[in-house]
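Peer 1: Between the sequences and the hints, there should be enough to build the whole structure, so can you do that?
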Amino acid sequence: MIIKGRVWKYGDDINTDVIFPGKYTYTVLEPSEMAKHALEDLDPSFAKEARPGDIIVAGKNFGCGSSREQAATCLKALGIGAVVAKSFARIFYRNAINQGLLVIQCPELFEFVVNGEEIKIDVDKGEIHTLGGKVFRFSPLPEFVRRIIDDGGLIPHLRKRFKER
Amino acid sequence: MGMTFAEKLLSKKADLSHVKPGDVVIVEPDRVLSHDNAAAIIRLFKSIGVEKVWAPEKVVIVLDHAVPAPTDKHANNHKEIREFVAEQGIQYFYDVNSDGGVCHQVFCEEGFALPSHLILGSDSHTCTYGAFGVFATGIGRSEMAGVWALGQIWLRVPESIKIEVVGEFPKGVYAKDLILRIIGDLGADGADYKSVEFTGGAIRNMSISERMTLCNMVIEMGAKNGFIEPDAKTISYLQSIAKGRFEIIKPDEDASYEKVLTYELSELEPLVAKPHNVDNVSPVKDVAGLKIDQALIGTCTNGRLDDLEIAASILGGKKIAKGVRLIVIPASWRVYREALRRGIVETLVEAGAVIAPPGCGPCMGNHLGILAPGEVCISTANRNFKGRMGNPDSEIYLASPATVAASALKGVITDPREVL
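Taken in sequence, the protein lines are chains A and B.
Note that the first sequence covers residues 1 to 165 in this note's numbering.
Note that the second sequence covers residues 1 to 420 in this note's numbering.
To be clear, the hints were calculated from the coordinates, so they are not data collected in a lab.
Glycine residues also receive a C-beta, built at the ideal position from the N, C-alpha and C atoms.
Keep in mind that the hints are not guaranteed to be accurate.
[Unchecked claim] Pairs of lysine to aspartate or glutamate, DMTMM-like flavour, derived with a Cα cap of 25 Å:
id : chain 1 : residue 1 : chain 2 : residue 2
1  : B       : K322      : B       : E264
2  : A       : K86       : B       : E375
3  : A       : K86       : A       : E33
4  : B       : K46       : A       : E164
5  : B       : K274      : A       : E40
6  : B       : K250      : B       : E110
7  : B       : K319      : B       : E346
8  : B       : K243      : B       : E87
9  : B       : K274      : A       : D124
10 : B       : K52       : A       : E143
11 : A       : K163      : B       : E87
12 : B       : K20       : A       : E40
13 : B       : K58       : B       : D72
14 : B       : K259      : A       : E143
15 : B       : K73       : A       : E40
16 : B       : K233      : B       : D252
17 : A       : K36       : B       : D393
18 : A       : K36       : B       : D72
[Said to hold, decoys possible] Among chain B residues calculated to face chain A with C-beta under 8 Å, some are:
id : residue
19 : L44
20 : V96
21 : D99
22 : G140
23 : A149
24 : D185
25 : D189
26 : E264
27 : R388
Peer 2: Structure representation (structure tokens):
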């Protein structure tokens, strides 16, 4: 799988409240509606201007805070190709996998990309290519995690499993 | 080599003689908790194509995030949950009535948080139950739907950090100040994926409520779970209420920790977490005098009887400052009733407080005290992220109930030692 998209670069400790505000948790129910509020309290231009395939590049501890899965759902519904961060908060990391949103830990990339630059991720080879020709490697996801993402998230994955029973 | 609490518990649950950090185990939880987000979980669960939850007696649902329902959408959420609970025969359901409250408080008061148990909750503050020697951690909605269907989850065995706490609290300093100090030192990602064990004489001296405050906030430094070894206080708390059997699982003395830290309580002072991150910690004196618009005492972090009692002791016979709104939300109806009996509610109301029904209230911006643009709130909650209380142009300071009460009294952020 190859993902190509523009970089949206953010800093450290981007929390779930700024990714998807708590006040919407019980009133905004459809993923397509959630997408309209993605990163609302961090960067109001993001949800309006992000295009399918775009890539978020962030600092450490991306997704810290609440267990709200909509923080991953809204990014996935917006068509975000991947989130590449120095590190992730654990509940967000699991939620992203369960939503079929590709999350890549690659601490080295951050310093070498600028906002708006187009980068390419080769998921199978575990490589990220920048516009300037630099290549960064990341550890491939464990096989069982990759299967969940390839099935489009945990729910479609389980649906398949139960059908096969 | 011995095992830490997390290693020992997960190896036992996975039926393995030994596990090490980084191993992935498949385990069945002893109980699972959900709140208002059960409605979303129900929709996901139904879409998997399974008829019945794997073990209805292991599912606990407590409505708390927006109670009583503030909008038709919230009301519909609650209705869906009631119908599902009846259909599935889920007996441990806490509806909007005077048995309920904040899910984590109710879960503990009802005797579900039992030593040696593995508990998953679709809420990040599920880690609170570590105060009872539980391995408890938060998960998302899809994952909970999967657990309801399968009765299983994969977990990575975490590295562990040991935090030894010694000494005695000086006047005006509380468990909240201690955990803010630790988060400030370690940072918002300082315990990412890790298990945090609290130990030492000062922890033994702490009440169950104070231990819950500590474990509640370990997620604010990224931890997977918190742990305090059960003792006579734990057993006595659980004696008449425990819903199930339990044993005591302790870490081995020769267990290996990634880090061991020591805190001396006598060196602490009252602290605040400043906007907009929980690890942005300063002494209260550095921000003293800053005008506040609202003060909140409540939530799963600090809405228990001892918290309300401290506030009442500061506000008794006095009036809060003009122009300040003090909102008090007991963490559960059990806490509320006891506070009524002891006259604490009357004291707070006479001082000018508004008492809201037990629940999460404005903590994550749902209702009962949303902030206006430019407003400042000092709160006993656990998060001060931008927009958390419903408005991205407001500011939230986190502090102990004593600091919040003292600040409400003066109308500006105030060191509680000035009024105690």
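Peer 1: Indicate, hint by hint, whether the structure satisfies it.
Peer 2: Checked hints:
1. This hinted pair does not check out: K322 (chain B) and E264 (chain B) have alpha carbons roughly 38 Å apart, beyond 25 Å.
2. The straight-line distance between the Cα atoms of K86 (chain A) and E375 (chain B) is roughly 34 Å, outside the 25 Å bound, and the hint therefore fails.
3. This hinted pair does not check out: K86 (chain A) and E33 (chain A) have alpha carbons roughly 29 Å apart, beyond 25 Å.
4. Between the alpha carbons of K46 (chain B) and E164 (chain A) the distance comes to roughly 17 Å, so the proposed pair stays at or under 25 Å and holds.
5. Restraint check for K274 (chain B) and E40 (chain A): satisfied, since their Cα atoms lie roughly 21 Å apart, inside the 25 Å limit.
6. As the CA atoms of K250 (chain B) and E110 (chain B) are separated by approximately 23 Å, the hinted pair is consistent with the 25 Å bound.
7. About 13 Å separates the Cα atoms of K319 (chain B) and E346 (chain B), which keeps this hinted pair within 25 Å; it holds.
8. Proximity of K243 (chain B) to E87 (chain B) is assessed by CA-CA distance (about 23 Å); at most 25 Å being required, the pair is judged to hold.
9. Straight-line distance between C-alpha atoms of K274 (chain B) and D124 (chain A) comes to about 43 Å, which puts the hinted pair past the 25 Å bound.
10. Between K52 (chain B) and E143 (chain A), the direct Cα distance comes to roughly 29 Å. Violation of the 25 Å bound is thereby established for this hinted pair.
11. With a CA separation close to 23 Å, the supplied pair K163 (chain A) and E87 (chain B) stays within the 25 Å bound.
12. For the suggested pair K20 (chain B) and E40 (chain A), the alpha carbons sit about 40 Å apart, so the restraint of at most 25 Å is broken.
13. Between K58 (chain B) and D72 (chain B) the alpha-carbon distance is near 30 Å, which puts this suggested pair outside the 25 Å criterion.
14. With a C-alpha separation of about 31 Å, the suggested pairing of K259 (chain B) with E143 (chain A) is violated against the 25 Å cut-off.
15. Between K73 (chain B) and E40 (chain A), the direct Cα distance comes to roughly 21 Å. Compliance with the 25 Å bound is thereby established for this hinted pair.
16. With a CA separation close to 21 Å, the supplied pair K233 (chain B) and D252 (chain B) stays within the 25 Å bound.
17. Note on K36 (chain A) and D393 (chain B): the hinted pairing holds, with a Cα-Cα distance of about 20 Å set against a maximum of 25 Å.
18. The straight-line distance between the Cα atoms of K36 (chain A) and D72 (chain B) is roughly 22 Å, inside the 25 Å bound, and the hint therefore holds.
19. Given hint, L44 (chain B) at the interface with chain A, holds; its Cβ is 5 Å from that chain's nearest Cβ, closer than 8 Å.
20. Using the Cβ-Cβ criterion of 8 Å, the hint placing V96 (chain B) at the interface with chain A is not satisfied: the shortest such distance is roughly 14 Å.
21. Because the beta carbon of D99 (chain B) sits about 22 Å from the nearest beta carbon in chain A, more than 8 Å, this interface hint is broken.
22. Interface hint status for G140 (chain B): upheld, as the beta-carbon distance to the closest one in chain A is roughly 4 Å, under 8 Å.
23. A least Cβ separation of about 6 Å between A149 (chain B) and chain A falls short of the 8 Å threshold, and the interface hint therefore holds.
24. Restraint check, D185 (chain B) versus chain A: the minimum CB separation of about 15 Å is more than 8 Å; hint violated.
25. Using the Cβ-Cβ criterion of 8 Å, the hint placing D189 (chain B) at the interface with chain A is satisfied: the shortest such distance is roughly 4 Å.
26. Because the closest C-beta pair between E264 (chain B) and chain A is about 28 Å apart, greater than 8 Å, the hint is violated.
27. With 8 Å as the threshold, the beta carbon of R388 (chain B) comes within range of chain A, its nearest partner Cβ sitting at about 5 Å, so the hint holds.
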